[in-house]
Amino acid sequence: MVSLTINGRVVQANKGEMLLSVTRREGIDIPALCHHDAVEPFGACRLCMVEITKAEWDGWTNYVAACLYPVEDGLIVQTHSSKVNELRRTVLDLLLARCPNSPEIRQLAAEYGVTQTAYEEIPDADNCILCGLCTRVCERLGFKAISTVGRGHDKVVAPPLKEAPPDCVGCLSCAQVCPTNVIQYEDEGNKRTIWNKSFELIACKECGKQTITRDFAEALSSQRNIPEDYFELCDECHRRELSVKMGSIVSWSREAAS
Amino acid sequence: MRIETPQQLTRLRKDCLARFNRHPQKIHVCCGPGCLANGAQKVSDELKKVIKKKRLKGFSVDALKETGCHGFCEQGPLVVVEPAGTFYTRVKVKDVEEIIDKTIRRKEVLERLLFTDPQTGEKIENYRDIPFYARQQRIALRNIGQISQCDIDEYIAVDGYQALAKALKKMSPQDVIDEVTTSGLRGRGGAGFPAGRKWSTCARADDSPHYVICNGDEGDPGAFMDRAIMEGDPHSVIEGMIIAAYAVGAHEGYIYVREEYPLAVVNLQKAIEQAHEYGLLGDGILSSDFSFDVHVSRGGGAFVCGESSALMKSIAGEVGEPRAKYVRSVLKGLHDKPTVLNNVESYANVPVIIDKGGKWFSAIGTKKSTGAKAFSLVGKVRNTGLIEVPMGTTLREIIYDIGGGIQNDRPFKAVQTGGPSGGCLPESKLDLPVDFDTLTEAGSMMGSGGMIVLDDHTCVVDLAKYFLAFLVDESCGKCVPCREGLYQLYGLAVAISEGRGTEADLDKMEKLSDTIVISSLCGLGKSGPNPFLSTIRYFRDEYLAHIRDKKCPAGVCRELIRYEVDPQKCDGCMACITACAQNAITGKKKEVHTIDQDACDKCGACLAVCKRDAILVL
Amino acid sequence: MNHDLDKLPEIYERYPRTPQSLIAVLQDIQKEFHFLPTEALKRTAEELNVPLSKVFSVSTFYNAFSLHPRGEKIIRVCVGTTCHIRGAKQIQEQLENHLKIKAGETTEDKKFTLEVVACVGACAMAPVVAVDETYHGGVTVASCRKLVKKSKKGKKS
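Residue numbers (this note's numbering), protein chains in the order written: chain A, 1 to 258; chain B, 1 to 618; chain C, 1 to 157.
Isolated chain A, as found in the complex (with noise of 0.2 Å):
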């Protein structure tokens, strides 16, 4: 364990453990738009900088990523010193001039104060910020169907070759993942499209209700070790199935009891 103080009290963290994960079990709330527990920390959004200073830096500060700052014993934060503030309020500002459409920028970037974009709003803007959630989802999941494209101010997220990606199952946690809700989608009937490709829902055998591709589910049953005729029925039947199950197993015991 270390201890380190956090806006003046301190705390006791685990060796390693990164500073943000330790500010978020503190209820400090620290934007990050990067950030997802799934996947490794990243350090695009810089949202998450923090102030750090020892006893010993002779009054010496620095300013770090906490999503990637390891914690150390002694380590005094500030998590919302004015300084860090005004870095959070130039990120975000020019992450509005980047997507001055999307409503969870423009919410932010109002809570820091900036509610019109000092800058030069981008032409064309959509609202990706490239925080790269979705391609490293995908990647941990073992998929890799999509990547950034390109690099520098042109980069985009993008599949192969701008075609229907070959790999892609039609899992949408890329979708899911977006923190700007960016990534496109349609269902409809037993028809997934995304990424311009074109996926097969399996239909719930009980209840008929449309559950996950059938890309994923074989994906999923090769690659996990899960039986095939899992994914036949949804999530909710699954659990009804259990619970029967259950009930019959509760009154046998109470009948080999009595």
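In short, the hints are calculated from the structure, not lab data. Warning: the hint list may mix true and false statements.
What the hints assert, rightly or not - Dumping the calculated DSSO-like pairs for lysine-lysine here, alpha-carbon to alpha-carbon at most 27 Å:
hint, chain 1, residue 1, chain 2, residue 2
1, C, Lys42, B, Lys313
2, C, Lys146, B, Lys590
3, C, Lys73, C, Lys89
4, B, Lys551, C, Lys89
5, C, Lys31, C, Lys42
6, C, Lys146, B, Lys92
7, A, Lys83, B, Lys508
8, B, Lys92, C, Lys153
9, B, Lys42, C, Lys150
10, A, Lys83, B, Lys588
11, B, Lys589, C, Lys146
12, B, Lys511, A, Lys83
13, C, Lys146, B, Lys94
14, A, Lys205, A, Lys191
15, C, Lys111, B, Lys42
16, C, Lys102, C, Lys146
17, B, Lys611, C, Lys149
18, B, Lys313, A, Lys144
19, B, Lys42, C, Lys73
20, C, Lys102, A, Lys162
21, A, Lys162, C, Lys31
22, B, Lys356, B, Lys169
23, B, Lys589, B, Lys526
24, B, Lys42, C, Lys149
Claimed, not checked - Listed next, with one range per pair, are the computed distances between beta-carbon atoms:
hint, chain 1, residue 1, chain 2, residue 2, range
25, B, Arg19, C, Glu108, 51 to 57 Å
26, B, Asp507, A, Ser222, 45 to 51 Å
27, C, Glu10, A, Glu86, 56 to 62 Å
28, B, Arg204, A, Val10, 29 to 35 Å
29, C, Asp4, B, Ser208, 33 to 39 Å
30, C, Lys152, A, Glu86, 54 to 60 Å
31, A, His80, B, Lys170, 54 to 60 Å
32, A, His80, B, Val327, 24 to 30 Å
33, B, Ser208, A, Val10, 36 to 42 Å
34, C, Glu10, B, Val266, 32 to 38 Å
35, A, Asn181, B, Tyr326, 29 to 35 Å
36, C, Lys152, B, Lys569, 55 to 61 Å
To be verified - Which chain B residues stay away from chain A? Per the calculated CB distances, all over 10 Å, these:
hint, residue
37, Glu111
38, Ile124
39, Lys166
40, Gly249
Think of the CB as a built atom: it goes at the ideal place given N, C-alpha and C, for glycine as much as any other residue.
For this one, chain A is given, so just place chains B and C on it according to the hints.
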């Protein structure tokens, strides 16, 4: 042939030296990039042809050496006749026959090909007496221009691989680290981190394997020192790497070479093969139990890959996006293993340090920046070329004594060091000693060693805009402050250069720069605003002239200038009319020409071609 | 498009078939075809066992790679700092005029591609133009025309 023992190496050295000095006279043809661009290959081929044809006694084609960059590129193609050091400049194919007939056969000097000292008007025969060379001290560049580009025997003849033999046989890995620490060698790539400390941390790291990497991704535009070393003396880099690997316990290394340097790749690969043949790379080097191998990894063409974590990703075949380095790459580098990364020039210094001792090295230069530093001295300076001077030499000595002052005797305006991450220093800083800390304090940085001299025809707003455009293009795009911030900073610089800027924009730029510097993820972003910050610090007036007066004092920013023909000087030669792509210039032969301001796109082609100085920039 | 993809297996033989070889393999393909044909990207993904998305990501990240066919000859204008302050922009514009294309484009007859490059490391001879691997130093507005003419006459390199 494998060299098994240091004794064998010593014997081989003797043989090589005898062969190296077999001819009483030798011809060195500089085949560095500058001379090649001026036709050195043709000169060399002609020399070979003529030597064969003439069949001189005691002089064969073997006495001709195609060397790496000799340094004085401005005067190329260079041909040097050794050992006299007779220095022929701007040699053309038609001069070749005479060089052989007179200088080789009759030991006569060809006056007309000699260098003329612009100060005294005197012809200087031996290049060692030319101020450009006389003021230098060459350590990393010691062999370049002196030996054939890629010949291990010649490298051995000039004491090559002796330091390796010494390290392996007489020193423990800790001894090597101690020697490098004593030398005070700091990384020549720009940041100036002490090499000894880096090696020591890596050597002590528990995780294994350890790697040794050479950063040959010389990305700073305007710098070519590392290129010259990799092409002209690849063995010095390889020897330095083997010694480093021995010190830190690595068995595998990589040299990451910039995409734009194909010859460096070829020469390094050749050198690696030669070293393998001699058993200086591979298993059981010089019969010790130390094994090491090195691979050349070609970069893909991305400036950001000069950043250590991006470089390591690129070697691993991935996109070169940096990662945050709260855990340093010396502990978690290539494939997340402990890794020593130094640049080309740093490694080239290592054999000398081991050979002559750390104390010898630390006696050169200043207390905190020891040794010498290579620079590419370029831009509006008279003597452009590749130089190496002791740390602590002043900018003035470099630019005026070695560089011979400003081209066409124009006023000095600034010197740009450190590439896109560095900055511009004005005349008031000319007496600063060049070392890592002084340059940083002055708002620039050492960088890898590009030194670009600017005269009054260079606009600092345009230069800041240029570097920002470069960085916007080269940003990897991962973190917001660098990707979006530099883009916005560039946009604001463009507005100023076009006369659309306001003084409030300058405040905005300074505030934005502050955020980019503090919050960017890697060094590219953190230093990205420097081209703006250093120019606004020293040349605020020039920015204000663009903003308030809508004028570009240097006559560069197109939206703020116009070209006109000076009727007093124009002789109606029609050169500008031919050069103008917009057909904006009219006039007849021998009559004064006129420029149609509406059609003119201010490209400056007329100014560039006019031999009468008749184009005015207003 | 008819590219001789039969040359690919030989390229794959040069390197270990691991993801680490990706950039080296793509460079060799680029050298062979002057660009990266789509089919070659797909084959490379399979051969090196790298996801296609990563192959695409890498091939669009680095300057060395082009996804579009380029001309027989590549004329590169160095726009490094030294070349910039010695008039590289003018040289670029002159070449654009003579070739009737913009930087980054290829002539209709597929003979030339004009590119700008950040620095070729021959700064002492600025401004520099490279025609394939041959460097020309001290290029002037006036000498651009000659350079293009000469390059047109020269054999396919």
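Hint check results:
no.	hint	result
1	Lys42(C) / Lys313(B)	holds, 22 Å
2	Lys146(C) / Lys590(B)	holds, 25 Å
3	Lys73(C) / Lys89(C)	holds, 21 Å
4	Lys551(B) / Lys89(C)	holds, 20 Å
5	Lys31(C) / Lys42(C)	holds, 17 Å
6	Lys146(C) / Lys92(B)	holds, 20 Å
7	Lys83(A) / Lys508(B)	holds, 16 Å
8	Lys92(B) / Lys153(C)	holds, 23 Å
9	Lys42(B) / Lys150(C)	holds, 17 Å
10	Lys83(A) / Lys588(B)	violated, 66 Å
11	Lys589(B) / Lys146(C)	holds, 22 Å
12	Lys511(B) / Lys83(A)	holds, 12 Å
13	Lys146(C) / Lys94(B)	holds, 22 Å
14	Lys205(A) / Lys191(A)	holds, 17 Å
15	Lys111(C) / Lys42(B)	holds, 26 Å
16	Lys102(C) / Lys146(C)	holds, 19 Å
17	Lys611(B) / Lys149(C)	holds, 23 Å
18	Lys313(B) / Lys144(A)	holds, 18 Å
19	Lys42(B) / Lys73(C)	holds, 21 Å
20	Lys102(C) / Lys162(A)	holds, 25 Å
21	Lys162(A) / Lys31(C)	holds, 24 Å
22	Lys356(B) / Lys169(B)	holds, 16 Å
23	Lys589(B) / Lys526(B)	violated, 56 Å
24	Lys42(B) / Lys149(C)	holds, 20 Å
25	Arg19(B) / Glu108(C): 51 to 57 Å	holds, 56 Å
26	Asp507(B) / Ser222(A): 45 to 51 Å	violated, 59 Å
27	Glu10(C) / Glu86(A): 56 to 62 Å	holds, 58 Å
28	Arg204(B) / Val10(A): 29 to 35 Å	holds, 33 Å
29	Asp4(C) / Ser208(B): 33 to 39 Å	violated, 44 Å
30	Lys152(C) / Glu86(A): 54 to 60 Å	holds, 57 Å
31	His80(A) / Lys170(B): 54 to 60 Å	holds, 59 Å
32	His80(A) / Val327(B): 24 to 30 Å	holds, 26 Å
33	Ser208(B) / Val10(A): 36 to 42 Å	holds, 38 Å
34	Glu10(C) / Val266(B): 32 to 38 Å	violated, 19 Å
35	Asn181(A) / Tyr326(B): 29 to 35 Å	holds, 31 Å
36	Lys152(C) / Lys569(B): 55 to 61 Å	violated, 35 Å
37	Glu111	holds, 54 Å
38	Ile124	holds, 48 Å
39	Lys166	holds, 41 Å
40	Gly249	holds, 26 Å
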